[in-house]
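Top to bottom, those sequences are chains A and B. Quick note on this note's numbering: the first sequence kicks off at 1 and runs consecutively. Quick note on this note's numbering: the second sequence kicks off at 1 and runs consecutively.
These aren't lab readings, by the way, just hints derived from the structure by calculation. Heads up, a few of these hints could be off.
Said to hold, decoys possible - Derived SDA-like pairs: lysine to any residue, alpha-carbon spacing no greater than 20 Å straight-line:
1. 270(B) - 659(A)
2. 270(B) - 617(A)
3. 429(B) - 651(A)
4. 270(B) - 652(A)
5. 270(B) - 150(B)
Stated by the list, open to error - Which residues of chain A face chain B? A few of them, derived with a C-beta cut under 8 Å, are:
6. 45
7. 64
8. 66
9. 639
10. 642
11. 656
12. 657
13. 659
Glycine is no exception: its CB is placed at the ideal position from the N, C-alpha and C atoms.
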Amino acid sequence: MLHTILTVILVSPLIGSMIAGLFGRQIGRKGAHTVTILGVFISTVLAAYVFKLFVLDGHAPYNASLYTWFQAEGIKFELGYMIDSLSATMMLVVTFVSLMVHIYTIGYMDHDEDYDHDNPYYQRFFSYISLFTFSMLSLVMANNFLQLFFGWEAVGLVSYLLIGFYMKRESAIQANLKAFLVNRVGDFGFILGIAMVFMYFGTMDYQEFFAGLNAQVGKTISFIPGVEWSVITVMVLLLFVGAMGKSAQIPLHVWLPESMEGPTPISALIHAATMVTAGIFMVARLSPAYELSEVALSFILIIGALTAFFMGLLGIIQNDIKRVVAYSTLSQLGYMTAALGASAYAAGMFHVLTHAFFKALLFLAAGSVIVAMHHNQDIRKMGGLKKYMPITYWALLIGSLALIGFPGFAGFYSKDSILLAVHEADVWGSGFAYILLLAGVFITAFYSFRMFFIVFHGEESEYVKNHHIKESPWVITFPLIMLSIPAVVIGIPLVGPILSGSYFADAITVFEQHNVLHEIYMHHFVEGGALGMALHGFMSLPVMLALSGVFIAWYFYIKNPAIPEKIKNACPRGYKVLEAGYGFDKFNEIVFVKGALKLGNFFWQKIDVKLIDTGLVTNTFMSVYNAARAMRTMQTGYIYHYAFVMIFGLLGMLIWVLW
Amino acid sequence: MNFVIPNFAPAIPEIALLILASVVLIGDTIWSKRCQNATYYATQLSLIIVGWLIVDSFTVHQIVTFDGSFVRDTLSDVLKIFTVLIALGIFLFARTSMQEKKYGSGEFYVLGLFAILGMFVMISAYNLITLYLGLEIMSLSLYAIIALHRNSGVAVEAASKYFVLGALATGMLLYGFSMIYGATGEINFDKIAAVIATGQVDHTVLAFGVVFVVIGLIFKMGGAPFHMWVPDVYHGAPTAVTLFLGTIPKIAAFAMVYRLMVEAMPGLLKDWQQLLIIVTVLSLIVGSIVAIAQDNLKRMLAYSGIGHVGFILLGFIAGTFDGFASAMYYVLVYAITGLVGFGMMIVLGKGRQEFDRIDDFKGLNARNPWLALMMLFAMFSMAGVPPFIGFFAKLMVIEEVVKAGFVWLAVVAVITAVISAFYYLRVVKVMYFDVPEDTTPIKAVNRTTQWTASFVAIALLVFGLIPSGFINLCYNAVALTH
Numbered sequence: 001m002l003h004t005i006l007t008v009i010l011v012s013p014l015i016g017s018m019i020a021g022l023f024g025r026q027i028g029r030k031g032a033h034t035v036t037i038l039g040v041f042i043s044t045v046l047a048a049y050v051f052k053l054f055v056l057d058g059h060a061p062y063n064a065s066l067y068t069w070f071q072a073e074g075i076k077f078e079l080g081y082m083i084d085s086l087s088a089t090m091m092l093v094v095t096f097v098s099l100m101v102h103i104y105t106i107g108y109m110d111h112d113e114d115y116d117h118d119n120p121y122y123q124r125f126f127s128y129i130s131l132f133t134f135s136m137l138s139l140v141m142a143n144n145f146l147q148l149f150f151g152w153e154a155v156g157l158v159s160y161l162l163i164g165f166y167m168k169r170e171s172a173i174q175a176n177l178k179a180f181l182v183n184r185v186g187d188f189g190f191i192l193g194i195a196m197v198f199m200y201f202g203t204m205d206y207q208e209f210f211a212g213l214n215a216q217v218g219k220t221i222s223f224i225p226g227v228e229w230s231v232i233t234v235m236v237l238l239l240f241v242g243a244m245g246k247s248a249q250i251p252l253h254v255w256l257p258e259s260m261e262g263p264t265p266i267s268a269l270i271h272a273a274t275m276v277t278a279g280i281f282m283v284a285r286l287s288p289a290y291e292l293s294e295v296a297l298s299f300i301l302i303i304g305a306l307t308a309f310f311m312g313l314l315g316i317i318q319n320d321i322k323r324v325v326a327y328s329t330l331s332q333l334g335y336m337t338a339a340l341g342a343s344a345y346a347a348g349m350f351h352v353l354t355h356a357f358f359k360a361l362l363f364l365a366a367g368s369v370i371v372a373m374h375h376n377q378d379i380r381k382m383g384g385l386k387k388y389m390p391i392t393y394w395a396l397l398i399g400s401l402a403l404i405g406f407p408g409f410a411g412f413y414s415k416d417s418i419l420l421a422v423h424e425a426d427v428w429g430s431g432f433a434y435i436l437l438l439a440g441v442f443i444t445a446f447y448s449f450r451m452f453f454i455v456f457h458g459e460e461s462e463y464v465k466n467h468h469i470k471e472s473p474w475v476i477t478f479p480l481i482m483l484s485i486p487a488v489v490i491g492i493p494l495v496g497p498i499l500s501g502s503y504f505a506d507a508i509t510v511f512e513q514h515n516v517l518h519e520i521y522m523h524h525f526v527e528g529g530a531l532g533m534a535l536h537g538f539m540s541l542p543v544m545l546a547l548s549g550v551f552i553a554w555y556f557y558i559k560n561p562a563i564p565e566k567i568k569n570a571c572p573r574g575y576k577v578l579e580a581g582y583g584f585d586k587f588n589e590i591v592f593v594k595g596a597l598k599l600g601n602f603f604w605q606k607i608d609v610k611l612i613d614t615g616l617v618t619n620t621f622m623s624v625y626n627a628a629r630a631m632r633t634m635q636t637g638y639i640y641h642y643a644f645v646m647i648f649g650l651l652g653m654l655i656w657v658l659w
Numbered sequence: 001m002n003f004v005i006p007n008f009a010p011a012i013p014e015i016a017l018l019i020l021a022s023v024v025l026i027g028d029t030i031w032s033k034r035c036q037n038a039t040y041y042a043t044q045l046s047l048i049i050v051g052w053l054i055v056d057s058f059t060v061h062q063i064v065t066f067d068g069s070f071v072r073d074t075l076s077d078v079l080k081i082f083t084v085l086i087a088l089g090i091f092l093f094a095r096t097s098m099q100e101k102k103y104g105s106g107e108f109y110v111l112g113l114f115a116i117l118g119m120f121v122m123i124s125a126y127n128l129i130t131l132y133l134g135l136e137i138m139s140l141s142l143y144a145i146i147a148l149h150r151n152s153g154v155a156v157e158a159a160s161k162y163f164v165l166g167a168l169a170t171g172m173l174l175y176g177f178s179m180i181y182g183a184t185g186e187i188n189f190d191k192i193a194a195v196i197a198t199g200q201v202d203h204t205v206l207a208f209g210v211v212f213v214v215i216g217l218i219f220k221m222g223g224a225p226f227h228m229w230v231p232d233v234y235h236g237a238p239t240a241v242t243l244f245l246g247t248i249p250k251i252a253a254f255a256m257v258y259r260l261m262v263e264a265m266p267g268l269l270k271d272w273q274q275l276l277i278i279v280t281v282l283s284l285i286v287g288s289i290v291a292i293a294q295d296n297l298k299r300m301l302a303y304s305g306i307g308h309v310g311f312i313l314l315g316f317i318a319g320t321f322d323g324f325a326s327a328m329y330y331v332l333v334y335a336i337t338g339l340v341g342f343g344m345m346i347v348l349g350k351g352r353q354e355f356d357r358i359d360d361f362k363g364l365n366a367r368n369p370w371l372a373l374m375m376l377f378a379m380f381s382m383a384g385v386p387p388f389i390g391f392f393a394k395l396m397v398i399e400e401v402v403k404a405g406f407v408w409l410a411v412v413a414v415i416t417a418v419i420s421a422f423y424y425l426r427v428v429k430v431m432y433f434d435v436p437e438d439t440t441p442i443k444a445v446n447r448t449t450q451w452t453a454s455f456v457a458i459a460l461l462v463f464g465l466i467p468s469g470f471i472n473l474c475y476n477a478v479a480l481t482h
């Protein structure tokens with residue numbers, strides 16, 4: 001029964017996607033969105049049931065295989081499910097956000113300047129997002145590395161297709177190519193990691209992998225003679241490189257801001273709520289392995305903290321409404337990663353959860369603004385939109401409050417847990433990370449409310465005055481309202497179980513000496529509960545920093561709009577560094593693009609054309625071809641020739657055997 | 001002298017097939033004038049009856065009857081069921097091309113049935129004489145079937161080539177049989193094996209016999225260097241006949257090799273293994289390389305078939321029962337895939353015009369995307385691209401041969417498989433990327449053939465995605481038999 005339910009959850013978005021994709025022209029727009037929404041709706045309802053079963057009722061983890069493709073020399077190629085609190089939670093989040101985005105898309109994609117009306121782009125879009133839902137589900141439900149990898153690549157593929165959805169725009173093509181290439185770097189590490197898992201554990205199955213971990217402790221591997229590395233450390237770091245690509249951590253973050261070239265619904269679904277958190281999910285899923293390597297944890301913590309701080313800083317200077325949200329996503333992903341590094345996997349996943357809701361909300365609200373502004377994304381052209389679009393206004397406000405961690409909102413609990421956990425952690429580098437993360441809180445509040453004030457409270461721009469701006473249709477506002485609810489309340493019931501460790505007890509392993517969340521639970525939660533935590537929050541440093549960020553944003557952009565310009569002029573160099581995104585793109589362009597071009601030219605001209613093409617391929621081909629022609633001429637068509645060959649063969653064999 | 005009435009029960013399918021074939025033969029002379037399709041339906045009905053008889057009395061034990069000359073076991077039942085199934089498909093395709101070409105269609109079905117009877121006897125043969133009898137029933141029917149189109153020069157040429165060379169090969173086979181009989185004094189397979197196992201037999205005579213027997217067998221399978229007839233015959237025969245020749249006789253030939261090598265001469269493993277290695281390497285090379293130079297699809301598939309024989313023999317070379325099972329799996333997969341590969345020429349052929357040049361497939365995707373996709377399935381499966389069934393067939397034989405320690409053979413097999421991928425993929429390339437000379441949409445000759453081809457082609461994919469049942473069937477059949 002459960003098995004069937006899981007299969008239905010997994011497959012129904014796929015069926016919807018196939019119908020919408022293959023028969024899009026026949027079933028028309030209405031048919032396409034009906035069938036895909038129906039598929040995802042079924043998944044959502046059943047995922048809610050599974051969530052209730054595994055999280056609320058505490059069903060024992062379910063691990064079973066659905067289909068074994070084949071088995072060769074110990075490698076099993078199979079599809080299977082590993083369902084526990086972790087995957088059940090992710091399943092619900094993925095399907096719910098996906099459902100909201102599906103509904104939202106009806107409104108958002110209705111008109112499109114890039115395509116003629118009779119182009120089935122609309123059906124194609126629905127097909128893609130449903131396919132994404134399927135891929136993401138197969139990633140989170142996997143019980144083995146191979147399926148994880150399949151889902152991992154499949155979401156990457158759909159992401160690529162959707163970033164380049166406006167295929168006539170040069171920038172979109174550049175962006176999806178970039179996303180693809182950067183993810184290749186990450187996936188290279190990831191697949192090496194999987195290869196190491198297979199090499200040392202001889203299995204692809206999670207359960208067998210966890211069982212074999214202890215036997216590998218203390219083993220070393222040596223790449224350079226004389227230097228020994230712990231097998232587990234190398235393995236988990238390689239896997240983490242995959243996570244860095246997918247979850248856009250420094251220095252593999254460069255693709256995420258540009259992914260905003262895709263339509264807004266997918267920015268919400270893929271590049272904020274779900275796909276980019278796959279890396280976090282993967283590390284949490286493999287927590288028993290990560291726990292064994294202090295080095296890896298330190299590395300993760302520092303990478304996360306760096307991303308959280310430096311990417312947030314970039315959000316301050318963005319003028320594209322989606323890019324502001326994109327940089328905030330990057331920064332929040334940094335927080336989640338930092339939580340993993342502090343062994344607070346549960347807090348990281350908690351933030352994944354809350355972030356999925358409030359960031360999807362922010363993106364969809366931003367999309368609503370974009371629709372109202374007739375697909376204009378520059379915040380300097382907005383201003384004073386509050387009176388035109390009240391629902392979007394409140395949605396964006398709620399999303400922003402949740403994002404900055406205003407006490408009581410969902411984001412407060414998760415972010416505060418992360419901050420406290422990093423503060424408590426004794427991993428190398430945790431002090432440094434804590435400072436970066438604290439500073440990040442201030443910055444987050446500043447840029448979020450900068451955007452908020454400029455868009456809704458600032459002076460009405462010429463554009464707004466001259467155009468007819470109106471609130472979006474219900475298919476857009478309904479998802480906003482639906483997402484606002486969890487963005488506000490989801491933290492309160494969850495924070496207790498998350499901190500005490502009971503929520504993910506069956507899925508996440510934390511060693512006693514690393515268990516910072518439990519200490520937080522004892523010190524901050526036990527007396528006052530969720531409410532006490534919120535009240536206490538007002539006194540705490542992070543919230544004060546956040547509130548001061550909001551205040552300064554207000555002062556800079558509403559009260560005294562001349563100040564930002566002054567600051568910009570006062571330190572032009574700093575501004576330039578930010579504008580260039582710390583030069584990551586420049587660096588990549590010079591080193592990788594130009595360097596690769598040179599290297600490629602060398603290989604092309606010298607190695608490929610001269611050595612391989614003419615030397616190996618053409619010669620091989622010509623010799624095979626000549627052999628073929630020569631042997632063909634033996635086929636003369638004369639019986640006596642054939643008989644001669646037979647007799648000759650007979651003699652040859654006789655001699656061979658009787659010799 | 002006392003005469004014991006033998007147990008007829010195990011041979012009921014064969015007896016039924018003989019009776020039905022005779023009925024069809026006589027019936028055809030009566031009803032062919034009035035009712036064109038009667039022979040066809042009678043043939044299909046006969047096959048269904050025979051198939052049902054086998055399924056109904058499916059056995060998991062070995063039953064030997066007719067004084068040790070006939071055996072019924074799981075292996076024979078499975079092979080016969082597949083023969084019947086594939087034959088049903090062949091006749092479905094062939095009917096169309098027989099109708100359109102208006103020559104001897106009744107004879108085609110009748111001869112086809114007799115050839116199948118010969119295959120059944122070969123599959124169930126348990127002594128040298130029965131085996132020879134079955135082989136001749138099959139071969140004589142096939143010679144006649146190839147020459148069915150009496151006015152066609154190429155067809156007659158093909159038939160006479162096959163006949164003359166076939167006679168030569170049969171002569172060698174018989175000579176080998178007589179050597180073995182001379183050395184052991186037995187004609188029953190189990191007794192031959194027992195005598196050889198005693199070790200008191202002149203090994204030289206036996207080895208001499210083995211060489212001749214192997215040559216006879218390899219000729220019938222179409223392995224190099226006894227393959228010369230294959231391309232000419234496949235090419236010269238009408239497409240429906242090529243379809244027949246290229247598929248089920250391989251199954252019977254597999255059974256023949258199995259009975260002789262594994263059941264009668266397991267003690268001479270070392271001798272026949274060596275010979276098979278030579279044949280395999282040559283077949284793999286000829287099959288992969290010469291096919292590249294072909295521009296006719298029938299000839300290309302003929303050479304590719306030679307390569308596939310190499311793969312089938314790999315399973316025998318492994319010398320283990322798992323190896324034989326993998327060879328069996330391969331031969332069945334090959335026969336099924338061949339059904340689509342050859343059948344597609346009939347599906348797309350129109351009237352008297354043959355659709356058998358590779359150029360004819362140019363731009364097929366633009367002209368009929370569905371059939372192009374089905375052809376792609378067949379080509380991918382033959383090339384061994386996962387997840388099609390052909391991938392597993394290659395995987396299994398290579399795995400077995402590696403297990404048996406012949407790594408270098410596996411390397412040769414893989415390299416030739418890569419080379420042969422070239423010409424399979426060329427068909428795909430021609431279909432999808434070349435611009436057709438004639439851009440008009442092309443329709444299948446009729447619905448039945450299109451559905452049959454599609455059904456089988458999709459089965460290639462489905463059994464590649466769910467491979468274990470079919471593989472286990474072969475492994476169990478072999479395991480239950482020895």
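Against the structure, the hints:
1. For the suggested pair residue 270(B) and residue 659(A), the alpha carbons sit about 14 Å apart, so the restraint of at most 20 Å is met.
2. Taking the CA atoms of residue 270(B) and residue 617(A), the gap is about 39 Å. The hint is violated against a cut of 20 Å.
3. Distance check on the hinted pair: residue 429(B) and residue 651(A) sit about 42 Å apart at the alpha-carbon level, beyond 20 Å; violated.
4. This hinted pair checks out: residue 270(B) and residue 652(A) have alpha carbons roughly 17 Å apart, not beyond 20 Å.
5. Proximity of residue 270(B) to residue 150(B) is assessed by CA-CA distance (about 46 Å); at most 20 Å being required, the pair is judged violated.
6. Among the interface hints, the one on residue 45(A) is violated; its C-beta lies about 29 Å from the nearest C-beta in chain B, farther than the 8 Å criterion.
7. About 17 Å separates the beta-carbon of residue 64(A) from the nearest beta-carbon of chain B, more than 8 Å, and the hint is not met.
8. Checking residue 66(A) against chain B: minimum C-beta separation of about 12 Å lies over 8 Å; hint violated.
9. Look at residue 639(A): its Cβ gets to within about 5 Å of chain B, closer than 8 Å, so that hint holds up.
10. Restraint check, residue 642(A) versus chain B: the minimum CB separation of about 4 Å is within 8 Å; hint holds.
11. Interface hint at residue 656(A): satisfied, since its Cβ lies 7 Å from the closest Cβ of chain B, which is below the 8 Å cut-off.
12. Hint on residue 657(A) holds. Least Cβ distance to chain B is approximately 5 Å, under the 8 Å limit.
13. Look at residue 659(A): its Cβ only gets to about 10 Å from chain B, farther than 8 Å, so that hint breaks.
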